[in-house]
Amino acid sequence: MSNILECKALTKRYGGKEALSAIDLSLEPGRIVGLLGPNGSGKTTLIKLACGLLTPTAGGIYINGEAPSKATNAIVSYLPERIALPLWMTTQQAMDFYGDFYADFRRDAAEDMVSRLGLELRQTIKTMSKGTREKLQLILTMSRAARLYLLDEPIGGVDPATRDYILKTILTNYSEESTVLISTHLISDVEHVLDEAVFLREGSIMLHESVDTIREEKGKSVDELFREVFAC
Amino acid sequence: MDWTFREDLPIYTQLYEHLTLAIVSGVYGPGEKLPAVRELAVDAGVNPNTVQRALSELERSGLVHSQRTTGRFVTEDAQRIEQERQRLAEEQVRQFLAAMSKLGYNRIQTVMLMEKMRGEGQ
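So the sequence lines, in the order shown, correspond to chains A and B.
Going by my numbering, the first sequence opens with residue 1, and the numbers climb by one from there.
Going by my numbering, the second sequence opens with residue 233, and the numbers climb by one from there.
You may find that some hints are simply not true.
Straight line, CA to CA, 30 Å or less: simulated DSSO-like cross-link-like pairs of lysine-lysine [to be verified]: (1) K348(B) <-> K334(B); (2) K348(B) <-> K218(A); (3) K348(B) <-> K168(A); (4) K48(A) <-> K8(A); (5) K48(A) <-> K168(A); (6) K220(A) <-> K348(B); (7) K70(A) <-> K48(A); (8) K48(A) <-> K126(A); (9) K220(A) <-> K168(A).
Read the hints as simulated data drawn from the structure, not as lab findings.
None of the values given here were measured: they were computed from a predicted structure.
Input sequences plus hints: build the corresponding full structure.
Given below as structure tokens:
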């Protein structure tokens, strides 16, 4: 099977600042991958390139073999760092919006999660707390039957109990043919659900390895390894 | 089941141990069907591929066998399960003796202490 995400010598510069330096990365279908790195290491830039919100300065990025386009966005479900929906929308309207926009939106799955997490159908996003906004955005993102999920900091602003529920939501909703890329620095919270870890540092990939291999070879968790590698 | 994981070992080996313990202690009896991969993954909060790997190891060890369409089942071979129980018990005793030896107790002293404490905490 072909790679769902592939980067070839992918480079992105903002003015004189190089955010990604000629990275090569291949992700196979059916994996949950952690994109890990300190602030400013290029995680968000990589995700934005994958969904076509940014264009590469040099090199290429391919979704299922194609450069990002409307066609690839139909199989990519993206969770932005901050909520990207109009603030006047209610939970109900946001679900309608996603249903209109994406053919792969599973309304029943979204409604089930909305009721389970206790979101109000008539509440506007404007009046929601930061955590509730994150929950709504994640519900919408994971309710699509996509091939590639790009989750930029999905658990940053929610409490530990909700964090567990969100991780279980990811496990329950992704299919065996789809890949989930999760960017985060809350490694100990996510590492049990990961197949692979990618360490980014200053725009370069330092490590791309299976989580079990890291534990087997180094005798330590991904979190411990990260703290060691990125010690200040 | 309570799922807690150590930091210094691969998750799949810990899952393997967890499931083995569940089988020898009768949580899953002989011939009983095991939960599906996805179900175990969500329950333990771990990756489905990791669960898959642990189950494959269990199959290799003969504690579990899979039937093509219906799922995975605990072996009906009670002797095999008993043998595994014995192995785990020996492992526990070995660890216990090692910890006692760190405290400066040799085997005889350890056994004597156990004799002395008999009846406590029952």
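Which numbered hints fail:
Violated hints: 2, 3, 6; rest satisfied.
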